[in-house]
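Asker: Sequence:
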Amino acid sequence: MAEYSAFSILKNAISGNRDWKPAWRKPDPKPSYDVVVIGGGGHGLSTAYYLAKEHGITNVAVVEKGYLGSGNVGRNTTIVRSNYLLPENIRFYEHSMKLWENLSHDLNYNVMFSQRGILNLAHTPGQFDDYARRGNAMRHEGGDAELLYPDQIARLYPGLDVSPKARFPVVGGLLQPRAGTARHDAVAWGYARGADRRGVDILENCEVIGFLREGDRIVGVQTTRGDIRARKVAVAAAGSTGRVLKLAGIDNLPIESHVLQAFVSESLKPILPGVITWGGGHLYVSQSDKGGLVFGGDLDGYNTYAQRGNLPLVEEVMSELLAMFPGFAKVRLLRSWGGVMDMSMDGSPIITTGPLPGMYLNCGWCYGGFKATPASGWLFAWTIAKNAPHEINAPFTLDRFHRGILIDEKGQGATPKLH
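Position one of the sequence shown corresponds to residue 1 (our numbering), numbered consecutively onward.
Worth flagging that the hints you see were computed from the coordinates, not collected in a lab. Accuracy of the hints is not assured; some may be wrong.
Unchecked claim - List time: in silico BS3-like cross-link candidates among lysine-lysine, alpha-carbon distance up to 25 Å:
1. 53 - 11
2. 26 - 53
3. 290 - 269
4. 30 - 53
5. 330 - 269
6. 290 - 330
7. 246 - 53
8. 417 - 98
9. 53 - 21
10. 330 - 165
11. 11 - 21
12. 53 - 386
Turn these sequences into a full structure, and let the hints guide you.
Answerer: Now the structure itself:
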């Protein structure tokens with residue numbers, strides 16, 4: 001596989017761009033592999049990449065029921081951050097942030113990671129105090145955080161309504177300068193190419209329809225392209241995790257599937273320097289390199305496996321955006337899309353061995369799936385290769401729900417849709 005470089009761009013430009021090699025192969029399934037990863041999204045692809053790169057396990061297949069990137073990795077708002085409160089989450093997402101910062105170089109593929117910062121607005125003194133607590137926790141664990149006051153925020157976001165007459169007055173905010181955005185499609189393509197270069201087979205249009213078993217042990221998968229045996233089977237199917245594991249007879253996972261909508265507007269001149277979130281409800285917005293406003297908010301509030309949402313949520317998100325930026329009132333919406341979120345009971349992920357011998361599980365990402373992509377794959381690969389978790393993902397076990405050792409970032413209790 002040719003390396004991407006200035007020289008290769010010049011060479012192919014001279015030849016009319018007719019000699020570019022495919023970014024990844026289209027192989028037929030082999031009868032058996034050391035590891036089969038179910039799910040060709042960001043987490044499945046990064047897991048395969050790090051299995052090969054970090055552990056030398058290259059006899060790996062990634063099976064994807066559709067085309068590569070057709071799931072949540074291509075259906076999100078591209079935000080990358082590590083501004084969490086609980087130590088377990090800060091350590092995990094800081095590990096991910098550090099991988100993000102070198103990812104384009106590591107993959108030899110431009111994932112367009114832009115550290116433009118994320119600002120969480122506070123609208124009450126109590127909320128501002130809470131952000132001060134969060135910022136201190138982040139800095140205590142080695143992250144970066146800065147408290148901003150209204151005059152500083154006004155200079156940073158001149159279109160934001162920070163006047164005393166605003167419906168939701170801005171009293172301050174918490175800024176994480178190292179946060180930002182990345183191009184979601186490029187992340188999928190970069191990991192796919194990187195895994196393929198190391199010998200991983202990426203099997204598209206290969207849906208899992210059952211599991212091969214020897215007693216209680218999982219020894220492979222049944223797919224629409226035939227049976228594939230494996231020493232280890234890793235499930236990284238995001239919002240479809242419940243449906244996949246039901247094929248193995250497991251129907252009591254502590255997760256629910258919900259749809260989360262995202263939106264993009266027509267292109268505007270540069271107006272938002274970074275990512276900004278509304279503190280009076282749930283809204284996050286940034287501006288893409290093409291100029292469109294990319295934003296989202298709450299879940300639609302009902303269980304579903306459909307990649308589409310309902311209109312009341314559209315109205316809610318738009319009204320929240322205009323509460324922040326009244327000047328966007330006449331901006332036209334171009335399109336919206338939905339991703340199926342696997343919401344865990346405590347709002348934190350699951351990266352663990354089991355729940356059956358020969359099986360490994362990666363799920364429960366709630367709103368954090370895209371930004372977790374590098375660390376999720378790195379730690380899941382470690383867990384698969386070592387048959388034990390790394391110290392960073394050791395708290396994110398499945399049995400924590402039985403033991404009562406929960407990682408509840410928002411303090412919402414066992415109500416998945418509220419996380």
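Asker: Hints first: check each against the structure and report whether it holds.
Answerer: The hints, checked one at a time:
1. Distance check on the hinted pair: residue 53 and residue 11 sit about 29 Å apart at the alpha-carbon level, beyond 25 Å; violated.
2. With a C-alpha separation of about 20 Å, the suggested pair residue 26 and residue 53 falls inside the 25 Å cut-off, and the hint holds.
3. For the hint linking residue 290 to residue 269, the alpha-carbon distance of about 9 Å falls within 25 Å, and the restraint holds.
4. Between residue 30 and residue 53, the direct Cα distance comes to roughly 21 Å. Compliance with the 25 Å bound is thereby established for this hinted pair.
5. Proximity of residue 330 to residue 269 is assessed by CA-CA distance (about 14 Å); at most 25 Å being required, the pair is judged to hold.
6. The hinted pair formed by residue 290 and residue 330 meets the criterion: a straight-line CA distance of about 19 Å does not exceed 25 Å.
7. Distance hint between residue 246 and residue 53 is unfulfilled; the C-alpha atoms sit about 31 Å from each other, more than 25 Å.
8. With a C-alpha separation of about 29 Å, the suggested pair residue 417 and residue 98 falls outside the 25 Å cut-off, and the hint is violated.
9. Restraint check for residue 53 and residue 21: the C-alpha separation of about 22 Å stays at or below 25 Å, so the hint holds.
10. Using a Cα cut-off of 25 Å, the hinted pair residue 330 and residue 165 holds, with the two alpha carbons roughly 21 Å apart.
11. At most 25 Å may separate the alpha-carbon atoms for a hinted pair to count; residue 11 and residue 21 meet this at roughly 13 Å.
12. A hinted pair counts as satisfied when its Cα atoms are at most 25 Å apart, and residue 53 with residue 386 qualifies at roughly 15 Å.
Violated hints, listed in ascending order, are 1, 7 and 8; each of the other numbered hints is respected by the structure.
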